[in-house]
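> Chains as they are written, first to last, in this note's numbering: chain A, 37 to 151; chain B, 736 to 849.
A hint or two may mislead.
[To be verified] Straight-line alpha carbon distances no greater than 25 Å define the calculated DSS-like cross-link-like pairs of lysine-lysine that follow: (1) B:Lys753 / B:Lys805; (2) A:Lys138 / B:Lys806; (3) A:Lys107 / A:Lys94; (4) A:Lys58 / A:Lys138; (5) B:Lys738 / B:Lys806; (6) B:Lys738 / A:Lys78; (7) B:Lys806 / B:Lys790; (8) B:Lys738 / A:Lys73; (9) B:Lys792 / A:Lys138; (10) B:Lys738 / A:Lys138; (11) A:Lys73 / A:Lys138; (12) A:Lys58 / A:Lys78; (13) B:Lys792 / A:Lys143; (14) B:Lys753 / B:Lys792; (15) A:Lys138 / B:Lys788; (16) A:Lys104 / A:Lys93; (17) B:Lys748 / A:Lys78; (18) B:Lys738 / B:Lys805; (19) B:Lys790 / B:Lys805; (20) B:Lys748 / A:Lys138; (21) B:Lys738 / B:Lys788; (22) A:Lys78 / A:Lys107; (23) A:Lys73 / A:Lys58; (24) A:Lys94 / A:Lys58; (25) B:Lys792 / B:Lys805; (26) A:Lys143 / A:Lys94; (27) A:Lys58 / A:Lys143; (28) B:Lys806 / B:Lys788; (29) A:Lys104 / A:Lys78; (30) A:Lys138 / B:Lys805.
[Unchecked claim] From chain A, some residues computed to sit far from chain B (all C-beta separations above 10 Å): (31) Glu51; (32) Ile98; (33) Thr101; (34) Ser121; (35) Val149.
[What the hints assert, rightly or not] Partial selection, computed: residues in chain A whose CB lies under 7 Å from chain B: (36) Arg79; (37) Pro80; (38) Leu82; (39) Phe130; (40) Lys138.
Quick caveat, the hints were computed from the structure, so don't treat them as lab data. Remember, it's a predicted structure, so these values are computed and weren't measured experimentally. From the three backbone atoms N, C-alpha and C, an ideal C-beta is built for every residue, glycine too.
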Amino acid sequence: GENVEQHPSTLSVQEGDSAVIKCTYSDSASNYFPWYKQELGKRPQLIIDIRSNVGEKKDQRIAVTLNKTAKHFSLHITETQPEDSAVYFCAASFNSGGSNYKLTFGKGTLLTVNP
Amino acid sequence: DVKVTQSSRYLVKRTGEKVFLECVQDMDHENMFWYRQDPGLGLRLIYFSYDVKMKEKGDIPEGYSVSREKKERFSLILESASTNQTSMYLCASIQLAGGRNEQFFGPGTRLTVL
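If we strip away everything but chain A, and leave its shape as in the complex, we get (with noise of 0.2 Å):
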């Protein structure tokens, strides 16, 4: 099955710095990939996504980046604020337009924006 590897597992920046977030995944098949943003004590909520047809998607300070060759897609924060401060989840599946929507998800990574 799909294996999902996320790194780093922590980062902190300054406010206004730039993050980025790295995962790789091992099935060539996967399609389609979307990043969750959870806030301390609340759900996981869907923040972007991009499907393997498209090699960059941008929406204002978040954009993310896929290189399907070497099987891995980043997550890029701009200008990062207070509460862009969460646990960041990379996932990826294959969807084929049958009935399956089963995601595989990275470990996570702790950003801290540190005032």
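Let chain A serve as the given structure and place chain B on it in line with the hints.
Same frame as chain A, but now just chain B:
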């Protein structure tokens, strides 16, 4: 707004007890999931269901079973709770729209097995 609810936020049970965790979603989603979340281990899939009465094992199904009798409700059952099942349990259902497969999570149930 999609709403996924779980029957309890906190639960304390004794070793050997049978435990039921309930999850309900109100958006007619076909796919529902049960995860457990442990520090440093991320979100691990226990079971999922893509239709009523249909279920598939996830990555860590041992010691668990599930039930999906109605589309909106997905139950996780611990047949005989053990201390190593102390964890945060998260339910999710998935909305498929415009190529985006967004999982909506419930608030979680923190289960302690004594």
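> Which numbered hints turn out to be false for this structure?
20, 22, 29 and 39
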